[in-house]
Amino acid sequence: MAANNISVQFNLDRELTPHAEPSERILEIAVQAPAIAMDLQRSPLNLALILDRSGSMQGEKLEFVKQAARHVVELLEEKDRVALVDYDDSVRVLFPSQRLDARSRAGLLRMIDTIRSGGSTNLSGGWLTGCRQVAESSQNGSINRALLLTDGLANVGIIEPSELAGHARELAQRGVFTSTFGVGTGFNHHLLEDMANQADGRFYFIETPSSIPGIFENEFQELLTIFAHQAEVILSYPASLQVSVLGEWRHEQKEPGKLHIHVGSLPSGRERQIYVKVNIPGGAIDTVLPLQVNVLARGENDLLMEAQADRSIRLAGREEVDGAPVNEELLTRFAQVELADRASAALKLEREGKREQASALVKKSLGAHRERLAPGVAQYYENMSDRMRTGMDELDRKRSHADAYMHKQRRGVTQSFPLLPQAKGHLIFSANGQMILLDTGSPVSFGSTQKFEFMDQRHQVARDYMGVTTEYISQTIGIPIQLLLGMDVLKGLFFQIDVQNGMLHFSQDFIAAGPVRIPLETMLDVPYASIGVNGLPRKMFIDTGAKIHYLRKEVLAGQKALDTEKDFYPLVGEFETTVYQLKFELGGEVCSMRCGALPQLLDMSISLAGMDGILGTELYDNYRVTFDPRRQMMSLESYRLGKWS
Amino acid sequence: MTQDEFLIQDLAEETGVSPRTIRYYQQEGLLPEPDNRGKFAYYNQDHLKRLILIQELKKNFLPLKEIRERLNSLTSHEVQILLEEQNDRHTRQAPPSAPAPRIAENRKIETEPDSALDYITRLLTTSSHKPVQDPGDAHRIHSRKAAPQQYVSGSPAESWRRIFLAPGVEILVKEPLSPQDEKRLAELIKFAQKLYT
Numbered sequence: 001m002a003a004n005n006i007s008v009q010f011n012l013d014r015e016l017t018p019h020a021e022p023s024e025r026i027l028e029i030a031v032q033a034p035a036i037a038m039d040l041q042r043s044p045l046n047l048a049l050i051l052d053r054s055g056s057m058q059g060e061k062l063e064f065v066k067q068a069a070r071h072v073v074e075l076l077e078e079k080d081r082v083a084l085v086d087y088d089d090s091v092r093v094l095f096p097s098q099r100l101d102a103r104s105r106a107g108l109l110r111m112i113d114t115i116r117s118g119g120s121t122n123l124s125g126g127w128l129t130g131c132r133q134v135a136e137s138s139q140n141g142s143i144n145r146a147l148l149l150t151d152g153l154a155n156v157g158i159i160e161p162s163e164l165a166g167h168a169r170e171l172a173q174r175g176v177f178t179s180t181f182g183v184g185t186g187f188n189h190h191l192l193e194d195m196a197n198q199a200d201g202r203f204y205f206i207e208t209p210s211s212i213p214g215i216f217e218n219e220f221q222e223l224l225t226i227f228a229h230q231a232e233v234i235l236s237y238p239a240s241l242q243v244s245v246l247g248e249w250r251h252e253q254k255e256p257g258k259l260h261i262h263v264g265s266l267p268s269g270r271e272r273q274i275y276v277k278v279n280i281p282g283g284a285i286d287t288v289l290p291l292q293v294n295v296l297a298r299g300e301n302d303l304l305m306e307a308q309a310d311r312s313i314r315l316a317g318r319e320e321v322d323g324a325p326v327n328e329e330l331l332t333r334f335a336q337v338e339l340a341d342r343a344s345a346a347l348k349l350e351r352e353g354k355r356e357q358a359s360a361l362v363k364k365s366l367g368a369h370r371e372r373l374a375p376g377v378a379q380y381y382e383n384m385s386d387r388m389r390t391g392m393d394e395l396d397r398k399r400s401h402a403d404a405y406m407h408k409q410r411r412g413v414t415q416s417f418p419l420l421p422q423a424k425g426h427l428i429f430s431a432n433g434q435m436i437l438l439d440t441g442s443p444v445s446f447g448s449t450q451k452f453e454f455m456d457q458r459h460q461v462a463r464d465y466m467g468v469t470t471e472y473i474s475q476t477i478g479i480p481i482q483l484l485l486g487m488d489v490l491k492g493l494f495f496q497i498d499v500q501n502g503m504l505h506f507s508q509d510f511i512a513a514g515p516v517r518i519p520l521e522t523m524l525d526v527p528y529a530s531i532g533v534n535g536l537p538r539k540m541f542i543d544t545g546a547k548i549h550y551l552r553k554e555v556l557a558g559q560k561a562l563d564t565e566k567d568f569y570p571l572v573g574e575f576e577t578t579v580y581q582l583k584f585e586l587g588g589e590v591c592s593m594r595c596g597a598l599p600q601l602l603d604m605s606i607s608l609a610g611m612d613g614i615l616g617t618e619l620y621d622n623y624r625v626t627f628d629p630r631r632q633m634m635s636l637e638s639y640r641l642g643k644w645s
Numbered sequence: 001m002t003q004d005e006f007l008i009q010d011l012a013e014e015t016g017v018s019p020r021t022i023r024y025y026q027q028e029g030l031l032p033e034p035d036n037r038g039k040f041a042y043y044n045q046d047h048l049k050r051l052i053l054i055q056e057l058k059k060n061f062l063p064l065k066e067i068r069e070r071l072n073s074l075t076s077h078e079v080q081i082l083l084e085e086q087n088d089r090h091t092r093q094a095p096p097s098a099p100a101p102r103i104a105e106n107r108k109i110e111t112e113p114d115s116a117l118d119y120i121t122r123l124l125t126t127s128s129h130k131p132v133q134d135p136g137d138a139h140r141i142h143s144r145k146a147a148p149q150q151y152v153s154g155s156p157a158e159s160w161r162r163i164f165l166a167p168g169v170e171i172l173v174k175e176p177l178s179p180q181d182e183k184r185l186a187e188l189i190k191f192a193q194k195l196y197t
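Heads up: the protein sequence lines correspond to chains A and B, in order. Numbering of the first sequence is given in our numbering, commencing with residue 1 and proceeding in unit increments. Numbering of the second sequence is given in our numbering, commencing with residue 1 and proceeding in unit increments.
Read the hints as simulated data drawn from the structure, not as lab findings. Be aware that one or more of the hints could be misleading.
[Claimed, not checked] Stretches of chain B that chain A covers, calculated by requiring three or more beta carbons in the stretch to come under 8 Å of a beta carbon on chain A:
1. 22 to 29
2. 117 to 124
3. 161 to 170
All C-beta atoms, glycine included, are put in the ideal place defined by N, C-alpha and C.
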């Protein structure tokens with residue numbers, strides 16, 4: 001079989017279980033799609049954009065939605081099909097599903113412009129009409145998906161959430177999948193999540209209208225890189241056991257001892273982790289209970305891929321069980337998933353007004369797992385439980401629910417940290433009691449501790465990089481830091497630098513990109529980009545460790561000096577540089593910023609690397625900047641406009 | 001089609017193995033290719049028996065590679081014998097709840113399950129909605145009760161589809177439409193779009 005196959009890892013918290021009494025074991029099933037080259041020919045998309053134009057969408061929201069739709073149209077190719085449906089109490093097919101040639105593309109863009117807000121919300125009618133467009137145009141190998149966006153409650157047509165979720169499930173079984181996008185605080189998050197879970201799609205909570213285009217784009221990019229279609233995990237186990245699936249994955253039992261779990265479609269390089277609790281009634285000592293996992297998915301050209309893994313549980317005496325090794329790391333992950341799963345259920349209760357019950361549910365689950373949770377995580381749920389008792393506001397509900405959704409399906413951790421103010425242009429934040437300097441200019445992380453945990457992952461850290469230590473840096477910048485976070489860790493994450501709001505955001509999942517895109521390349525993992533300086537293209541390292549921008553002397557020849565400034569650079573030490581005011585052009589954005597001349601030693605090494613300079617942190621005073629190392633892209637959003645242009 | 005032949009869907013139903021998996025087994029050489037005549041692929045009793053045997057061997061946690069090696073060396077008759085042996089073992093060892101595989105000699109060909117399109121059309125055209133089983137909180141698979149559910153569905157008002165052509169020009173169509181009228185409508189839209197672009 002091809003090397004590019006789907007793979008599965010199957011693990012148990014313990015391979016032994018007591019024979020004399022009922023017990024519970026935890027299974028972890030991790031399904032991975034390998035990372036494939038992006039230039040492989042992708043499958044044609046068959047999409048329906050289903051947009052809410054009810055009265056409440058009026059204004060900013062609808063404008064951003066239209067912009068998102070236009071952006072998706074730009075990204076589609078001629079082989080793709082798309083339909084456009086909008087709905088209030090009536091449903092309109094603005095653009096019946098068709099291929100996008102130049103002519104139809106222009107027609108579709110015109111249709112998007114005509115969307116105006118209207119009456120109430122016939123969510124079911126809009127959704128089903130969109131699904132029909134997808135179903136009608138479905139072909140072998142096409143990626144069939146309806147993208148349903150709403151900001152309100154279904155109040156016309158089918159309005160019962162469980163019925164809508166049931167239809168979503170039926171349609172997924174028939175090859176039409178749905179992702180859902182909830183905007184603002186007025187929609188029913190349980191409904192939208194259920195629909196996405198049942199339809200093998202993804203649920204998105206969009207808190208601010210300005211992130212609608214970026215979030216739509218993320219879904220779109222995931223669809224483009226789908227490697228394994230409709231992955232299905234089949235767990236076979238002795239029928240005397242009881243199993244339950246966490247994370248609300250769509251699943252069914254077709255016969256005793258056989259559980260089918262649908263994990264949807266996997267983009268290239270992504271993993272899905274499914275946790276299953278197994279209840280074992282006990283039995284004769286030394287009985288071996290065989291467990292098997294089969295994963296089936298469709299790959300390129302509709303070829304079936306299969307992976308298989310076997311494990312077994314042996315019934316043993318109490319003493320032997322207690323002495324057997326325990327997979328602690330698995331149990332830590334499981335604790336997070338189960339807690340999020342319970343929090344999700346509790347949020348439903350809270351929404352129904354059962355506050356005490358909701359609060360107690362979270363507390364109970366927290367009690368069971370506390371010792372395995374990082375202190376921050378335990379505190380998070382502690383606070384949630386408290387807020388449930390007094391009643392939550394709608395935004396709090398939406399945010400907590402979106403977090404729980406991400407955690408229970410382990411779709412990746414997202415964390416935010418406040419930036420240390422007055423750090424003299426350095427990006428410093430505190431996590432797990434350590435002061436950390438964000439430095440995209442360093443290929444490796446180093447610090448005074450050997451290991452550190454960041455974003456749920458443990459990292460090994462070097463003591464220094466080419467003789468530079470965190471002690472040395474602390475001394476030079478006058479702020480004590482324990483860790484320098486370099487590209488070895490950062491390259492696996494999305495991160496956003498938002499200096500104006502004093503925040504750093506990190507995500508294993510995604511962060512919506514800003515409107516101005518700049519492609520990145522890397523040298524020894526350090527990113528660089530082609531930037532226009534006074535009208536000429538220059539290759540510059542993107543270095544969050546440098547304060548201002550720097551260019552080689554040669555490049556600056558003939559420019560009028562503005563000022564001088566003191567700075568330091570590891571290995572070079574402190575130096576004074578002449579400062580110039582130059583016009584930088586970044587992906588079409590023009591911004592006037594200060595730029596120094598590189599000291600001689602750096603000038604030489606930068607020149608040897610074939611570069612012209614360094615883009616420092618002054619960039620972040622002017623733009624909110626999002627890094628997407630996976631797609632090798634950096635995006636900017638100007639603080640001056642505050643909005644998408 | 002003779003009485004001893006099946007379409008993939010029947011074979012799937014008979015054995016509880018999905019068509020996807022059946023095709024996979026074929027691709028992996030565990031099952032012989034079906035008889036491809038015209039639009040359909042026909043499977044016979046030998047396919048059925050081999051498929052049941054594969055399932056039996058899988059229950060013993062044999063890897064697919066080994067199952068393939070075993071099966072490929074067997075004649076149709078040997079497959080039958082092995083299957084009977086497996087059945088015997090079942091009746092001797094298995095708890096009564098485990099059903100022995102049944103082989104129906106003469107089965108009526110049933111229609112394929114409805115398509116997504118049929119399903120949606122049915123939903124969009126019926127005003128009273130059939131309750132569906134709650135897929136939501138299916139945590140406990142064994143203890144789950146199939147509680148009957150009541151739905152308060154939206155108004156069974158007339159349903160019109162509005163198709164937008166250009167500013168100020170729309171077509172209104174009353175649902176449901178017959179498949180033939182759907183086709184006509186599609187033609188009409190195509191034509192109208194040419195006029196307005």
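* Provide an ascending list of the numbers of those earlier hints which the structure does not satisfy. => none
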